[in-house]
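Chains P and V, in that order, are what the protein sequence lines are. Residue numbers are given in the working numbering: position 408 of the first sequence equals residue 408, and the series is strictly consecutive. Residue numbers are given in the working numbering: position 444 of the second sequence equals residue 444, and the series is strictly consecutive.
In short, the hints are calculated from the structure, not lab data. Treat each hint with caution, since some may be false.
Pairs count within a copy or across copies, as identical chains cannot be separated in the list.
Said to hold, decoys possible - Here are the simulated lysine to aspartate or glutamate pairs, DMTMM-like style, with alpha carbons at most 20 Å apart:
(1) Lys377 - Glu29
(2) Lys254 - Glu236
(3) Lys191 - Glu221
(4) Lys375 - Glu273
(5) Lys371 - Glu273
(6) Lys58 - Asp346
2 protein chains.
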Amino acid sequence: MPTSYSISGFPEWSPEQRLIEKRVIEKIEESFRLHGFINIETCGVESYESLIKKGDGKEIYRLSKEGSGEENLGLHFDLTLPLSRYVLERRGELLFPFRRYQIQKVWRGERPQNGRYREFYQADIDIVSQGELPGHFEYEVPMAMCDTLRSLSPLGLGSFSIHINNRKLSEGFYRAIGIEEIEETLRRIDKLDKLGAEKTREILKEVAGEERSLACIELAEIKEKDPFVFEKKIEEICARWDVGEGSEERDLMKEGVRDAEAVLQALVRSGFEGACIDCSIARGLDYYTGCVYETFLDDDPSLGSICSGGRYERLIKTQKQSYPGVGMSIGVSRLLSYLFTKAKADRVSPAAVLVAVWNEEERWRSDEVAKALRKRKIACEVSPSAAKIGSQIKRADRLLIPYVWFVTSQGSEVKDIRTGRQEKADPLSWEPDPKYAADIIVRE
Amino acid sequence: MPTSYSISGFPEWSPEQRLIEKRVIEKIEESFRLHGFINIETCGVESYESLIKKGDGKEIYRLSKEGSGEENLGLHFDLTLPLSRYVLERRGELLFPFRRYQIQKVWRGERPQNGRYREFYQADIDIVSQGELPGHFEYEVPMAMCDTLRSLSPLGLGSFSIHINNRKLSEGFYRAIGIEEIEETLRRIDKLDKLGAEKTREILKEVAGEERSLACIELAEIKEKDPFVFEKKIEEICARWDVGEGSEERDLMKEGVRDAEAVLQALVRSGFEGACIDCSIARGLDYYTGCVYETFLDDDPSLGSICSGGRYERLIKTQKQSYPGVGMSIGVSRLLSYLFTKAKADRVSPAAVLVAVWNEEERWRSDEVAKALRKRKIACEVSPSAAKIGSQIKRADRLLIPYVWFVTSQGSEVKDIRTGRQEKADPLSWEPDPKYAADIIVRE
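Looking at chain P on its own, in the form it has when it is part of the complex:
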């Protein structure tokens, strides 16, 4: 489990944990690139006004400087707002649809708790269009995320479920039964997972009234893997709450059902069995307008969603043009708190070889061997001191470096300190055993 760290909420890992974090990020990035997403990096700050418009002031870190006081700058709390600014600033030079990925730290001044940090990595993909966003992107993004998460299984990630909902479905139903405060209702339904049905109904009553709050809970409890059964359940709930065919609200619901099913079917077609339509998925953010997604680990659902997102119609816009998009974000740091229990580092140092030193006068010989090995992309460290050979081997052992290299004027020998085998070796041709290439192993 995570090592303690001194600044509350700001995690810092041991070198071994950092290695796992790096490999996770590399795998994610490789998958994003295979799907043709283009990398950008935005700066860590945004104008304070733009942050406060979308986020909670109590959680936003504002910057100030001695002498000049508060600046009009704060640290970004997600990667969607920065994307929005980036796209608008560069709309003249980017080619749309713009497929971008971004893997960066974000900051939120929340109360630190299990799996929630004040500084953490997010890994986002978004596809942003100009004018119209074709519907197929609503399944292309979760399909890419599905591939990405599956690529983490060699690092210990188990099976997971992608839960799909659609804002049109919820909104249509809410409107049909007479609820007006759609956003507030969604925000409260979003707590269902945390609070349970009873308490959620209590907080729903204030905006939806006694009876309608029951209807909202009933809708939220529909969760199906089979489109046929799902549609039947939607028809039943509509019948029960007198949502008649042909109304504008019912049509909106149908659009939502159709779009959510399209995502489900595309995921099934791609060979993924873990998708379902889950009407409890609300997402706290107000900008979503179509499909919304959350992802849960099958063996640790209590961790919460590890990959979420949705479609937004009007988040990115100028007076003349809108740039609708769909995106999802992996909570990398949250995922890590789980992966640290599954994977462990098989290296501390990246070196494959520790080149021993007999005495300081002959250190140059060891430097020469190291130079030759590095030229051939074999990572190595020259022993920090000409201590007894036993203690030089001990250093290699502690750093999980598999080989120790001995240089003499007659030539070199290399010892595999895990097997004890020692043999003659030439720095111009010797190769480490490929079995030592993997630096992360998954625990049994």
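Given the coordinates of chain P, assemble chain V onto it according to the supplied hints.
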């Protein structure tokens, strides 16, 4: 040159520029790993008190939150202070000497100017010991940096010079001629490059007096590649300013000369011709105690030092134990402002293939091909729309994607849009031409 960006001093690159930044960081990281440095990442913040103790309050960004006001946190302005805290916190679990690398953004609220940003990447290596730090690390670190910078030549980095000085040399000389305010003298000598000899002497007079300021300038003007000539010049200046043999100060100078020469000779031995001892190198920071280094590009010295550092004896310590170290830091963002004029991206999208779509009903066929290609690690994008083939090819062309793939029920054909050649292809075996593998090319 850098594109404009909206938040002054906080650079943001186009996707093409970001690709260059990523490749630069990857190359640097590969070299650090080949030299056996262990990666860590520290959080972006430090306690405000620890920052203000080492840095300039006017340049440190402090955090505050609505409701709770100013926090006891600020953004780190370098990676040395975070390393110092990290090492002390984990001194019980780390193995010393601890070789670490760290590549992260840092923040400084300076006035933005050419090559100077408020948010920028640094790439640091340090070797930190417990108790004693053997002298050979003073050349091992610049040798590793030398290899690292040379590994950037395929990205357009030209030849460079590493300038070495030693604090003991300067301090010994200053003390010998009667200067007491050593740190302040060094801080002012550090301006020589910017202000020139005349003006530097003016500001030196205030701390060193009329005549001695001349001696300081004279020392600073010694710059030599040849150790023999260098020693002669040191003897001459000592004779001229009555620094007698046998004194404590003269002995300190000799230590400095010996240590600086050891670095110079090790660099020469490793085949690097660009090193010199340069007594003008002072480094503004007060914690250096031994060798100090700066690195300049031969074809653009006006950019300033792109890689600097030195040895520090007492920066990291507890009451009982000190952890002396030696480290250097590459100013990645500054380097980029130069490399952007030398290298250009040969890709926008990471995709090698754009899979065309004939009509939306058959999009699934293109999805299948994409899936097969990705499984074989060939990055691709499925065309965003079933537009006319000409406009699908145009998208590939604009994103510098070399191939367009056509799927029919009878099989596939792939077109190299750069050569115009089109041929039958099977997604289970087709490979892109290796000539399209490099995504950065250096301008003629």
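Hints, one by one, checked against the model:
In this assembly of identical chains, the alpha carbons of Lys377 and Glu29 lie at most 20 Å apart only when taken from different copies (12 Å versus 23 Å within one copy). Within a single copy, Lys254 and Glu236 get their C-alpha atoms as close as 14 Å, which meets the 20 Å cut-off; across copies the closest is 92 Å, which misses it. Taking the shortest Cα distances, Lys191 and Glu221 sit within 20 Å of each other inside one copy (13 Å), while across copies they are farther apart (70 Å). For the identical chains of this complex, Lys375 and Glu273 are inter-copy neighbours only, at 18 Å across copies versus 47 Å inside a copy, given an alpha-carbon limit of 20 Å.
When the C-alpha separation of Lys371 and Glu273 is checked against a cutoff of 20 Å, the pair qualifies only between copies, where the shortest distance is 17 Å, while the shortest distance within a copy is 51 Å. In this homomeric assembly, Lys58 and Asp346 never come within 20 Å of each other (Cα to Cα): the closest approach is 41 Å inside a single copy and 44 Å across copies.
In the structure shown, a violation is registered for the earlier hint numbered 6 alone.
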